[in-house]
Amino acid sequence: MSKVRVLVGTRKGAFILTSDGKRDKWEVSGPFFAGWEIYHMKGSPVDPDRIYASQTSGWFGQILQASTDGGKTWFQPGVKLEEAGPPAFPAKASNRFVYDTSDATGKPLTTHQWYDGTQHPWEFKRVWHIEPSLTDAGTVYAGVEDAALFRSTDGGESWHELPGLRGHGTGPDWQPGAGGMCLHSVILDPSNPQRIYIAISAAGAFRTDDGGATWKPINKGLYSKHIPNPTAEIGHCVHHIAMNPRRPGVLFMQKHWDVMRSDDAGDNWTKISGNLPTDFGFVIDVHSHEPETVYVVPIKSDSEHFPLDGKLRVYRSRTGGNEWEPLTNGLPQSDCYVNVLRDAMAVDTLDECGVYFGTTGGQVYVSSDAGDTWSAIVHDLPAVLSVEVQTLA
Amino acid sequence: MARSLRHRWETGETWESMAGLQSNMAPFVRVQIPYHLRNLARIDGEVQLEVAAPVTIRTVLDALEARYPMLRGTIREHDTLARRPFLRFFACEEDLSLNPPDDPLPEVVAQGKEPLLIIGAIAGGSR
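Listed in order, the protein sequences are those of chains A and B.
Residues 58 to 450 (the working numbering) are what the first sequence spells out, left to right.
Residues 10 to 136 (the working numbering) are what the second sequence spells out, left to right.
This is chain A alone, in the form it adopts within the complex (with noise of 0.2 Å):
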């Protein structure tokens, strides 16, 4: 029988929910990594067990953690453990993220805008984002802060940046949002392997369509009237995109305001806001097997982050966008004030599609019946920063 594992990633360490796949009894793990930030976990799909984590802080800066077993036991990948004997350095360090300035490979782009206007020095602060390859275990891609993209293609024992990104032109115009610069999202395209998507707060989004070599922004459509020119190629705060793997071509959008889709791989983007209470929020999801179901969860505004009139509510759409519906069964309807940040949303790829999202209250919700009805996995873990799912055989 079909299993779920939720990778739950918190202020305070991570968490890991498991359940068969009727998921109304579940086992919860944790915490590993107690005390830790815990920006975002997640599997290979090559090979399930494989799990990257984010582990962060303030203190002591950024760890990347691994575990082969599903994770029961966690590693630093590339550093072993001395009982005894002569040390030795590592010859790689996975917590090492270091800007590529070279002439070779990049351009030797070093600052970016600043909150006033000036220019900045790109320094790495953490990594957001964890995305495995879709077809080889020990690739991995890291969407950091501030904002570049790295891959390691030897299991996270040693990161280089794709400069191209950074270094394509737009790079010393972007500015860090309200939760600094950061590259939150990284979507690879099943159907073409050297085509990725990502995001960045608040630059926008963009795509390679040569493994990494080369970017471009694609944000076309997208208005944001708090910035000098609302349609600028780049300077939107997007905060979070999804897409149906089974749908390569069409992206859905949760930008600071607004929800937007693509139906071109983001050469130009319509508003579906529709009938939504209001579009500000950070997450946005997809049915995993109808392309055209999409979720959000509405947040009042820029400056109240919390569900609207204190009633949490996930939308959904079956027509992608414009006409939602509120789905509050299970879900608290008077008094409630968390947010749901972008990565805090999943779906699983059972048959009857399992969505999940965590809250900053430290509720991990689940619908076993694609949103109808809600119920809590955990109500009290530390604040949620992410939440994905594995589908396991």
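Please note that a few of the clues may not be correct.
[Said to hold, decoys possible] Chain B is faced by these chain A residues, among others (derived, beta-carbon under 7 Å):
#1 W116
#2 Q133
#3 V136
#4 N152
#5 R153
#6 P285
#7 P287
#8 G387
#9 Y394
The hints are simulated quantities; they were obtained by calculation from the structure and are not laboratory data.
All C-beta atoms in this analysis are idealised placements derived from N, C-alpha and C, irrespective of residue type, glycine included.
Based on the hints, put chain B in the right spot on chain A.
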């Protein structure tokens, strides 16, 4: 020799006495690191390191990271080796954080009579 000293420490002998008895070799330098880094390195309590002279912040951290490579990048940056901003170095009730990393540490630290303390700043708390 190193294992012998460790065995003596684990069986109750003090560093002071061992340092005095082993006059022909460098004594162990004692280092205390924060809770989260002890977890990362999977160790309990104080760290004892053999550090060849001169005993400085740099040579102690070199020895610490050599023995516990999982700590690389957590106390000082990978390439610049700059101290991470929210960590401080103390010994003998003095803040040594801003001293040049090649300055000799106090003799009592070099002799293992006092520990070098690596301390996380008491800052933040908003999360």
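Interface hint for W116 of chain A, Cβ within 7 Å of any Cβ on chain B: Nearest chain B Cβ about 4 Å off; hint holds.
Interface hint compliance - Y394 of chain A to chain B, C-beta minimum distance less than 7 Å: violated (17 Å)
Cut-off 7 Å, beta-carbon criterion: hint that R153 of chain A touches chain B: At 5 Å from the nearest chain B Cβ, R153 of chain A passes the 7 Å test, so the hint holds.
Supplied contact hint for V136 of chain A, tested at 7 Å Cβ to chain B: Given a least distance of 5 Å, the restraint on V136 of chain A holds.
Minimum beta-carbon distance criterion (7 Å), P287 of chain A to chain B: violated (33 Å)
Proposed interface contact between P285 of chain A and chain B, which counts if any beta carbon pair is under 7 Å: violated (32 Å)
Evaluation of the interface hint that places G387 of chain A against chain B, nearest CB under 7 Å: With Cβ-Cβ at 28 Å, over 7 Å, it is violated.
N152 of chain A as an interface hint toward chain B, with CB separation required under 7 Å: Cβ of N152 of chain A sits 5 Å from chain B, so the hint holds.
Proposed interface contact between Q133 of chain A and chain B, which counts if any beta carbon pair is under 7 Å: With a closest approach of 5 Å, the Q133 of chain A hint holds.
Hint compliance for this structure: hints 6, 7, 8, 9 are not met, and every other hint is.
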